[in-house]
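**Student:** Below are the chains, spelled out letter by letter.
Number of protein chains: 2
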Amino acid sequence: MKMTTHIVKFLPHETEIEVPDGETIIHAAMEAGIHINASCGGEGVCGKCRVMIEQGTVEGGITEKLSLEDQDKGYRLACQAIVKGDLAVRIPVESAMDASALRMHKTPRRSAHIREMNFDELKEKGLFVPPVEKKFLQLPAPTPQDNLPDITRLISYLNAQHDEHRLDVALSVIRKIPEAIREKDFEVTATLVRPVRDVGKTRLINVQPGDTTRRSYAIAMDIGTTTIYGQVIDLISGDVLAEYGDFNGQISYGDDVITRIVYAEKPGGLERLQEVVMKTINKVLDKIIKKSGIDHEDLSTITLAGNTTMTQLMLKINPKYIRRSPYVPAATLYPPTRAKDLGMAVGDHVSALVYPAVSSYVGGDIVAGVMGSGIYRTEELTLYLDVGTNAEIVIGNKDWLACAACSAGPAFEGGGLKYGMRAEKGAIEDFSIDPLTYEPMIITIGHVRPKGICGSGLITMVATLFEMGIIDNLGKFNRDLKTPRIRQKDGIYEYVLAWKDETQIGRAVTLTEIDIENLIRAKGAIYSGCMTLLTEVGMSIQDIEHIILAGGFGSYVDLEKAMVIGLLPEIDPDKVTFIGNGSLMGARMSSLTNRIRKDVVEVIKKMTNFELSDTSSYMDNYIAALFLPHTDINQFPKLKSRLEAHKKN
Amino acid sequence: MKMTTHIVKFLPHETEIEVPDGETIIHAAMEAGIHINASCGGEGVCGKCRVMIEQGTVEGGITEKLSLEDQDKGYRLACQAIVKGDLAVRIPVESAMDASALRMHKTPRRSAHIREMNFDELKEKGLFVPPVEKKFLQLPAPTPQDNLPDITRLISYLNAQHDEHRLDVALSVIRKIPEAIREKDFEVTATLVRPVRDVGKTRLINVQPGDTTRRSYAIAMDIGTTTIYGQVIDLISGDVLAEYGDFNGQISYGDDVITRIVYAEKPGGLERLQEVVMKTINKVLDKIIKKSGIDHEDLSTITLAGNTTMTQLMLKINPKYIRRSPYVPAATLYPPTRAKDLGMAVGDHVSALVYPAVSSYVGGDIVAGVMGSGIYRTEELTLYLDVGTNAEIVIGNKDWLACAACSAGPAFEGGGLKYGMRAEKGAIEDFSIDPLTYEPMIITIGHVRPKGICGSGLITMVATLFEMGIIDNLGKFNRDLKTPRIRQKDGIYEYVLAWKDETQIGRAVTLTEIDIENLIRAKGAIYSGCMTLLTEVGMSIQDIEHIILAGGFGSYVDLEKAMVIGLLPEIDPDKVTFIGNGSLMGARMSSLTNRIRKDVVEVIKKMTNFELSDTSSYMDNYIAALFLPHTDINQFPKLKSRLEAHKKN
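Chains as they are written, first to last, in our numbering: chain A, 1 to 649; chain B, 1 to 649.
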């Protein structure tokens with residue numbers, strides 16, 4: 001189904017952009033890089049974002065902030081007016097904006113292409129090896145002359161009719177079989193789980209009365225430090241039938257992996273954390289199983305991916321030594337386990353398959369992302385980046401993979417800022433600034449008056465302020481600018497994004513130099529991590545041909561802005577892909593095909609882990625990255641030429 | 001250590017017997033086939049068993065029943081006098097016993113040779129394949145340059161130093177390893193469980209701090225319908241360190257497998273029976289683990305053998321269809337299971353290995369007996385017989401094995417008789433009769449006044465009465481005999497073994513014609529079972545070269561008597577071996593060597609099961625066997641010639 005789109009032309013800039021039907025004009029302007037003064041976040045109360053509709057029609061955009069006369073002239077509030085056809089929209093040049101200012105408008109917003117998993121593509125690429133197969137059988141009833149044990153009868157017919165041999169039988173099947181085969185007069189369906197390796201044995205995990213061959217399901221789960229996601233997957237169609245995410249109950253015991261490990265070291269702490277995460281897992285399982293309407297008996301496997309600490313906690317393995325140098329995990333490969341033994345509220349026959357890790361800080365979530373994103377199969381040199389409180393970096397292609405983890409701090413998630421917040425309603429997520437008046441244009445999530453700043457908003461703000469010359473390459477405000485928006489408070493310079501009476505919090509929302517410093521350190525840690533990996537393998541950042549972003553962070557970040565601040569290397573935005581929850585995608589893929597589970601063992605062997613803190617070049621790279629965008633501006637040639645063009649004006 | 005023995009010569013019979021030091025004279029007489037009137041069971045109160053010590057010395061045997069004059073003459077009570085040197089003992093011929101009566105004395109008591117398992121012999125025969133091996137390792141401590149995961153470190157050194165590869169790792173090991181390897185400064189012992197098949201993988205099941213290689217144990221258990229036995233086995237020496245048996249708690253829910261199955265079919269019944277048997281198992285485990293002083297961490301496997309119903313109940317598999325034609329078990333091969341999952345109070349790492357069965361009524365206990373007795377490796381045509389309420393029969397050798405089960409009823413365990421009892425204190429276990437006076441000689445277990453008759457006593461009585469001509473080949477008393485010992489009560493003929501005032505029960509203890517009938521039916525079922533198996537494979541009972549008796553029953557039965565009643569075919573008693581609890585012996589053997597576990601899969605394939613009720617020749621064979629010893633006396637040539645000799649006298 002193709003989306004209806006319209007062309008919006010902004011005047012006097014003469015800039016056009018294609019937007020989906022129903023988009024607001026202010027969003028379209030932001031996407032196109034057109035500044036419109038706006039300080040209420042899109043709620044329609046400041047009345048500053050007046051635009052004139054010169055051609056075409058919009059819906060809404062009329063409020064008491066507009067006089068009837070202005071309404072008649074075609075003025076609308078950009079934050080309220082909805083695009084319903086091709087438009088020409090004039091931005092009123094109320095201030096003395098000159099030609100140079102027009103040329104200084106920011107780069108159009110560029111978010112990453114979203115890539116979703118495609119089951120048919122997996123099949124086409126020869127990556128499909130069914131992990132579970134169901135076989136229907138009509139068995140003869142036993143007689144005195146033919147009184148084979150029930151399980152032997154089933155196996156001998158599986159052998160004769162389906163050429164199945166060397167089967168391992170689960171005790172739970174033996175427990176079920178006497179009633180299962182008699183319930184529908186010796187018509188039964190056997191569920192066979194295939195070995196990952198060819199030398200392995202097929203495992204008979206279930207037997208059901210009648211023909212259930214068309215009902216075969218698996219569950220994929222991402223066990224995040226903060227959130228746990230689950231998906232029910234139809235193993236025949238490849239479709240996701242239900243999905244649900246919930247906060248990891250362990251949050252009450254600490255925000256990050258370190259505090260969780262500390263808790264786990266207390267007496268009973270590990271057991272408690274395992275119970276708590278299992279409670280969340282069971283809540284998610286219950287929701288998605290009910291939502292999809294599947295029968296527990298038709299579920300075969302649960303594939304889970306999480307970072308090394310989450311994995312060890314879930315498996316009740318003490319993570320104590322993960323947080324102590326030299327950062328040794330108990331294991332990186334985990335045996336298949338009965339899901340029920342871990343505490344999951346599913347049938348006896350269901351296996352829990354846990355993604356392997358590479359090291360204490362490059363966990364199964366990243367390995368899953370590598371498998372899900374396909375980086376291990378690409379020719380192109382690819383950077384895979386999963387940014388949260390920790391950032392995990394993988395660089396490589398089908399021949400080699402280098403990986404590292406670094407602590408980015410909470411800035412990308414809106415943490416640690418004066419007015420930082422998660423990407424929730426009221427968070428300023430988009431920002432532009434008038435190059436002459438320094439008045440802002442802000443859009444908040446939910447189009448309400450602002451409450452704070454989220455991670456993607458922070459990146460956009462810092463990049464915009466830097467490119468406009470309002471902050472320097474150290475992130476310090478230009479002390480010479482004459483505007484009430486830039487002020488000192490408690491001795492710290494800050495930019496006022498919204499005045500006290502424009503916010504929801506009864507105070508002004510500002511961006512401080514300390515916030516900017518936090519961001520610089522965060523992006524510096526990641527960029528220098530990438531640099532270090534590349535240096536260690538004898539390559540440079542210019543060699544990167546493709547970037548894959550994973551994690552919540554990547555979903556809305558403006559790629560151009562991320563390059564301006566030096567978080568990402570400069571690259572054609574078309575070469576940046578967003579895969580969403582990479583961990584969940586990887587778990588889903590290995591639910592669907594054993595080929596992934598087979599490959600993963602080879603892939604983790606191929607993944608060379610670098611402990612950045614033990615890699616001598618890392619500190620030098622880090623210090624060099626504590627600038628906007630970097631000490632070495634030549635690594636960002638496009639930005640360099642733009643900055644030089646600005647200077648000439 | 002050789003036992004001290006003495007020669008006892010009985011006069012006037014001129015019969016000599018070698019007996020162990022400390023034996024009573026009455027026992028020596030019974031063994032030698034010499035009749036001495038005795039009706040108090042050996043308690044010394046009837047005073048009938050006076051004998052004269054003509055040469056040598058005895059201890060004891062003097063009571064108030066002997067006058068001082070008689071004591072001076074050398075008279076002693078045979079039941080109280082203890083052999084302490086070579087003796088000549090004269091039996092007083094107070095009655096008119098003539099020469100013919102002397103010649104009619106019964107055959108000497110012959111019990112089966114006891115064979116015990118010999119670990120060294122297993123090794124010599126090339127049957128030793130270690131099932132568990134412990135490896136000690138001194139690992140280097142991790143450093144920033146060498147921060148392998150703990151388990152990877154262990155495995156890589158197992159590989160480098162002990163050439164171990166392709167290891168499966170249990171989750172419980174991953175849970176233990178972080179603390180285990182650090183507790184004794186990276187000195188650890190790894191426990192490896194070997195695969196039964198060469199293509200299998202070795203399983204790393206435990207890791208312990210320090211060097212524990214000299215402590216490696218397994219447990220063998222026999223899960224009987226009535227009794228559960230367990231043994232702790234030292235896997236290095238092969239020794240049994242502790243043994244204990246206790247009544248199966250399921251007895252409260254029914255005496256035999258059928259009543260247990262009926263109970264298991266009730267709602268919650270299966271779960272209840274599983275809990276109850278597990279409670280007994282845990283009691284036995286606790287006793288033997290404490291008694292042997294082993295550490296739970298040094299225990300690797302528990303091997304269990306039981307009949308098919310006991311096995312299914314223990315594994316929580318509904319045995320419903322075992323008791324319904326065509327008698328189909330759920331399975332005959334059971335996967336290795338975590339002992340803890342079944343409810344056993346042992347470590348996470350301990351596996352429960354359950355002996356496979358052949359059919360619903362030839363269970364893992366018999367298969368274990370076949371493995372333990374070595375019948376599957378013999379050249380000789382061997383009859384393996386395990387007699388309890390059910391009798392299981394295996395006939396064959398290394399080339400083929402035929403097996404069947406038949407219901408013998410409780411007679412062999414003293415059940416279903418007017419004065420029947422288990423082989424406990426007060427049970428008449430040995431019997432002789434004066435051919436002229438018909439006065440009995442009885443010995444009870446514990447040498448106390450009689451309470452009843454146990455299985456082995458019953459066989460001896462019936463055989464003796466038949467050979468003396470007191471009962472005929474239908475088991476009916478000779479109505480012409482004039483003796484108060486044979487009487488009619490409530491219309492049924494019976495023989496008075498002990499008068500009212502000689503017993504503990506305030507009534508006479510008697511043997512009735514109905515009791516004899518029960519025994520004839522029981523032995524007939526077994527003998528005809530053997531006949532049928534032999535007929536089906538085209539052989540005859542004379543072809544049997546060796547008999548192996550298993551089960552409590554075989555321990556004390558007089559072999560000659562068993563041949564007289566037609567329970568066993570006539571064979572040189574030296575060719576009869578008693579192995580005790582065959583099920584436990586088999587469990588112990590497969591605890592000690594994987595070779596048995598490997599062979600057993602082939603052996604059960606080789607074991608052809610005959611459902612006797614569905615085998616047409618069985619009923620004919622059964623009817624022919626309802627005589628003493630059999631319709632066809634020619635099958636018992638030695639007895640035939642003895643009977644003919646008696647007639648001539």
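Don't read these hints as lab results, they were simulated from the structure. Just so you know, not all the hints are guaranteed correct.
Below are the BS3-like pairs computed for lysine-lysine, each with C-alpha atoms no more than 27 Å apart in a straight line [said to hold, decoys possible]:
id	chain 1	residue 1	chain 2	residue 2
1	B	598	B	123
2	A	320	B	135
3	A	398	A	606
4	A	201	B	606
5	A	482	A	266
6	B	125	B	418
7	B	476	B	418
8	A	340	B	598
9	A	266	B	184
10	B	201	A	279
11	A	184	B	320
12	B	605	A	201
13	B	425	B	84
14	A	184	B	575
15	B	638	B	9
16	A	598	B	476
17	A	266	B	598
18	A	135	B	320
19	B	606	B	575
20	A	606	B	201
21	B	648	A	320
22	B	340	A	201
23	B	638	B	648
**Student:** Run every hint past the structure and note whether it holds.
**Tutor:** Right, here's what the structure says about each hint:
Distance check on the hinted pair: residue 598/B and residue 123/B sit about 16 Å apart at the alpha-carbon level, within 27 Å; holds. The suggested pairing of residue 320/A with residue 135/B holds, with an alpha-carbon distance near 26 Å, which does not exceed 27 Å. For the hint pairing residue 398/A with residue 606/A, the CA-to-CA distance comes to about 9 Å; that is within 27 Å, so the pair holds. A C-alpha spacing of about 24 Å is found between residue 201/A and residue 606/B, which places the hinted pair at or below 27 Å, so the restraint holds.
The hinted pair formed by residue 482/A and residue 266/A fails the criterion: a straight-line CA distance of about 56 Å is larger than 27 Å. At roughly 49 Å between alpha-carbon atoms, residue 125/B and residue 418/B are farther apart than 27 Å, so this suggested pair is violated. Between the alpha carbons of residue 476/B and residue 418/B the distance comes to roughly 16 Å, so the proposed pair stays at or under 27 Å and holds. Among the hinted pairs, residue 340/A with residue 598/B is inconsistent with the structure: their alpha-carbon atoms are about 31 Å apart, more than 27 Å.
At most 27 Å may separate the alpha-carbon atoms for a hinted pair to count; residue 266/A and residue 184/B meet this at roughly 22 Å. The hinted pair formed by residue 201/B and residue 279/A fails the criterion: a straight-line CA distance of about 35 Å is larger than 27 Å. Simply put, residue 184/A and residue 320/B have alpha-carbon atoms about 17 Å apart, close enough for the 27 Å limit, and the pair holds. Proposed proximity of residue 605/B and residue 201/A is supported: the alpha carbons are some 21 Å apart, at most 27 Å.
Our distance criterion of 27 Å between C-alpha atoms is met by residue 425/B and residue 84/B, whose separation comes to about 25 Å. Restraint check for residue 184/A and residue 575/B: not satisfied, since their Cα atoms lie roughly 53 Å apart, outside the 27 Å limit. Restraint check: the Cα-Cα separation between residue 638/B and residue 9/B comes to about 26 Å, which is no more than 27 Å; the hinted pair holds. Of the pairs offered as hints, the one joining residue 598/A and residue 476/B is violated, with about 77 Å between alpha carbons and a cut-off of 27 Å exceeded.
Simply put, residue 266/A and residue 598/B have alpha-carbon atoms about 46 Å apart, too far for the 27 Å limit, and the pair is violated. The suggested pairing of residue 135/A with residue 320/B holds, with an alpha-carbon distance near 26 Å, which does not exceed 27 Å. For the given pair, residue 606/B sits about 24 Å from residue 575/B by alpha-carbon distance, which is consistent with the 27 Å threshold. At roughly 24 Å between alpha-carbon atoms, residue 606/A and residue 201/B fall within 27 Å of each other, so this suggested pair holds.
Taken as a hint, the residue 648/B and residue 320/A pair is broken in the structure, with Cα atoms around 93 Å apart against an allowance of 27 Å. Annotation: proposed proximity of residue 340/B to residue 201/A holds, straight-line Cα distance about 25 Å (limit 27 Å). With a C-alpha separation of about 16 Å, the suggested pair residue 638/B and residue 648/B falls inside the 27 Å cut-off, and the hint holds.
Violation of the numbered hints given earlier is confined to hints 5, 6, 8, 10, 14, 16, 17 and 21; the remaining hints are satisfied by the structure.
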